[in-house]
Amino acid sequence: MTNQHFDIYMIGVGGQGIGLLSETLIRAAERAGHQVRGVDTHGLAQRGGTVTSCLRLGEGAHSPMIREGAADLVLALERHEALRGAATFLRRAGTLLYFDALWQPLNVRLGAQPQTTTAEVEAVCGQLGARHLRIFDPNLPDPRMQNVSLLRTLLQESLVPGLKLQHLEGALGELLTGKVLEANLALLNA
Amino acid sequence: MSKLGSMLLGRESFSEIVIGNTALARAMLETGTRVVTSYPGSPTPEIADAILGIPEDQRPLYFEFSTNEKVATEVAFGASVNGHLSCVFFKSVGLNVAADSFVQLAHMELLGGLVIILGDDPGANSSQNEQDNRHYARLAHIPMWEPASASEAYLMYKEAARLSVQLRKPVILRMTTHVCHAKERVQFDAWEPVALNPTPRFDPANGPYIPIASAVFPLKARARARLGDFAAHAEGCSFNRLLDHNNSHRGVITAGLPFLSLLDCLEDVGAKPDVLRLGMVFPMAAEKIAAFLAAHDEVLVLEELDDFLEQAIKALAYDRGLHTKIVGKVAPEDWLGEFTPGKVRTILGRLWPDLGLAVAARDLPLPSPRPPQLCPGCGHRAAFWAIKQALADTDITVADIGCHTLGFQAPYRMGQALLSMGHCTGTAAGLSLFNQTRKVVAFIGDSTFFHAGLPGIINAIFNHHNFTLIVLENGTTAMTGHQDHPGSGHNVTGPSHAMSLDRILEALGPTSLRRTDAYAGVKLRQMVTEAVAEPGFKVIIASHPCMLKATREARRAGTFKDRMVTVNQTTCTLAHDCVSTFACPTFQMDAEGRVTTHPDLCIGDGSCLQSCPARAVTPPAPRGNGKES
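Residue numbers (the numbering used here), protein chains in the order written: chain A, 161 to 350; chain B, 13 to 641.
These are calculated hints, taken from the structure and not from any lab test. Since this is a predicted model, take the numbers as computed values, not measurements. Do not take every clue at face value.
Once the Cα atoms are required to be at most 30 Å apart in a straight line, the calculated DSS-like pairs of lysine-lysine come out as [stated by the list, open to error]: (1) B:LYS15 - B:LYS170; (2) B:LYS284 - B:LYS300; (3) A:LYS339 - B:LYS561; (4) B:LYS232 - B:LYS300; (5) A:LYS324 - B:LYS15; (6) B:LYS326 - B:LYS341; (7) B:LYS232 - B:LYS326; (8) B:LYS170 - B:LYS232; (9) A:LYS339 - B:LYS573; (10) B:LYS15 - A:LYS339; (11) B:LYS300 - B:LYS337; (12) B:LYS573 - B:LYS535.
All chains, please: the whole structure from these sequences, using the hints.
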């Protein structure tokens, strides 16, 4: 917490489910006692472009948008976006947590630019004196659960002040139903 | 009923975490707004999502997506002069479409009241420009409120609607992208529904409603007089805020979301400037502003996009003989982009270096940029891939607005010029004049065809223009969230006559009309080759359902076939047509040039098979363990 706020910047690719991630986290953070505000990318960028979401906790946060280089925590759902998020929004001595999915951007697929490596992501975190957490799970029952896999690590590592399992479970319960809810709760508790 | 719908219908006061657009829907119910119209456009479509979350039989208002913003405005106007409180909403550039009728509104006695919600887009997040629609308020003599948050959007709508009813004049609520989508817990009031009065109350005696020649002047004079009433309200507007930091030297005047960016910056500042935040940006609270100017040596006018407030405030200072130093736009970049917390920090730090807001520039490596793409299975991709083969590199292609605009990117480079909704046929006609050497091909989507496409098509036939129009039909308004359009056979309430593009075009009489499935590459290429060789105005309809919509619907219905294509590594000759020419995002290329398909991305549509000269892309098959063959 700096100046009574804690800023979480989420980044991924349109179609990866960053909407559910941000919607779960804002509700869970409020359940943990924080004042919350945030904003997601909607519209054009959702078509396979970079999508982001800002979540700001605490009474010192006014705008829903986070300042560049000021996020306490960056959560990324893809490797290139992890590098982008860390390089642009992560503050010095902050934390990057990313799910190492790989969705090549256009120029990488066309062979015009190199694919980002895990070492590059780690190096940027090193330059920022930031904590670096990479997760990857090839055995998820559904790739659309990568976001909840990220939430599980976020919880295990206590990356959000005051956030507990019951807060995330309660938030998921507000947003999902039936088998999808059961599968996600099971993953969270795994 | 959706959770959202039952929440919005609650009679008791409640609170919920919602985005600004959702909060507006509740404000409509509480104010008794009876008729709401729109044309979909980011950042506003979620207002409709919220309204449509309420089942039609319990919805206390009439809602429609009209064919375009102008028609939407006219429907809302007609309902208002019949006595119903009405609302029309659309995106920033939608106001250009609506403008011809919009500029008349303040002349009219709007019996029921009328709220216009604008979704401006500073930063051009989802638009072809970042025009500042505050100018339109001044142009059309219509007052404008500017919320900074979801809570304020809800409260300002209620205040603006109340005044609109009372003064029988239109009012504007100017949202911006990150106010529309800002999330926070909003406290909603109780709601006491008022019974509908269906009596048509239109009466020419309330007018006149025919502004012709000298009849315009009394109407304009009345509109100006009512602006005086709104100006009086602006002085006491409950959203004006004066933050007195006891600083007689420095002050900041601001409004809307930049106000919150400013508050963020001031968290890190010791000697804070005083702040005057305006709830209404037109007309301005002149007395409040003059007093604030008089109380400070130097005042920064902090506003996103144009110098709208700055010009008015400088004129006010001149009229009042005030000698306060007024600083507004200084550098070229002050006119560009959103005033995010980072940008406001830069501006404040530049003007007042002693505040210690300077931020060291970063020089960290960035990954390859990731622009938006046509989705896996998109019919537009298959169409562009085939069309490109039929055209010479020197031929000219004209884009329009929609998902297909993304075809301008590599590797397709289809669509080289863009103005606005429906422009493509007019622009293509101009490009074809005196042009004997370069074929001209225009693209339009089916929703845009109905929105603003028809006049240009009719012009092309009427005036014997020579070019080819390719209608990229996907059965929906895809980019803005899959809203129905007049060709899709449904409107927001249920079945509707599906207007046939073919029959409309046949009636208009182009030189030739062809239709194919967009996936049929050989056929489409042949059609384009033939059409561009003919004189006259030729139309090809390249059709395929939006696969993002189809996939989502199939998943919901439990009928989704979970299949994917794979690249046979034995027969693959590394020709790379799949990844470099067809370029579906599912094709991934490793450092050795080996191509695979991505299990998270492939939807098993198979449109890519035709792109492989070695037939190494294998037909869609049920995915096993998600691993490549």
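Hinted pair, alpha-carbon criterion (30 Å max): B:LYS15, A:LYS339. Please report holds or violated.
Holds. B:LYS15 to A:LYS339 sits at ~18 Å (cutoff 30 Å).
When you check the alpha-carbon spacing of A:LYS324 and B:LYS15, does it fall within 30 Å?
Since the Cα atoms of A:LYS324 and B:LYS15 sit roughly 25 Å apart, the hinted pair holds (cutoff 30 Å).
Restraint status (C-alpha distance of B:LYS326 to B:LYS341 at most 30 Å):
holds, 12 Å
Do the alpha carbons of A:LYS339 and B:LYS573 lie within 30 Å of each other, as the hint requires?
OK: A:LYS339 and B:LYS573 at ~19 Å, within 30 Å.
Given the proposed pairing of B:LYS573 with B:LYS535, does the C-alpha separation stay at or below 30 Å?
This hinted pair holds, its Cα atoms lying about 27 Å apart.
Are B:LYS232 and B:LYS300 close enough, with their CA atoms no more than 30 Å apart?
holds, 27 Å
Take the C-alpha atoms of B:LYS284 and B:LYS300, compute the straight-line distance between them, and say whether it is at most 30 Å.
Answer holds: B:LYS284 to B:LYS300 is near 20 Å, not above 30 Å.
For B:LYS170 and B:LYS232, compute the direct alpha-carbon distance and say whether it is at most 30 Å.
This hinted pair holds, its Cα atoms lying about 26 Å apart.
Verify the proposed pairing of B:LYS15 with B:LYS170, using a straight-line Cα cut of 30 Å.
Distance of about 23 Å is within 30 Å: holds.
Holds or violated: are the alpha carbons of A:LYS339 and B:LYS561 at most 30 Å from each other?
Holds - the C-alpha atoms of B:LYS561 and A:LYS339 are around 22 Å apart, at most 30 Å.
Within a Cα-Cα threshold of 30 Å, do B:LYS232 and B:LYS326 meet the stated pairing?
Satisfied, since the Cα-Cα distance of roughly 26 Å is no more than 30 Å.
Straight-line Cα separation of B:LYS300 and B:LYS337 no greater than 30 Å?
holds, 17 Å
Going down the numbered hints, you'll see the structure goes against none, and every one checks out.
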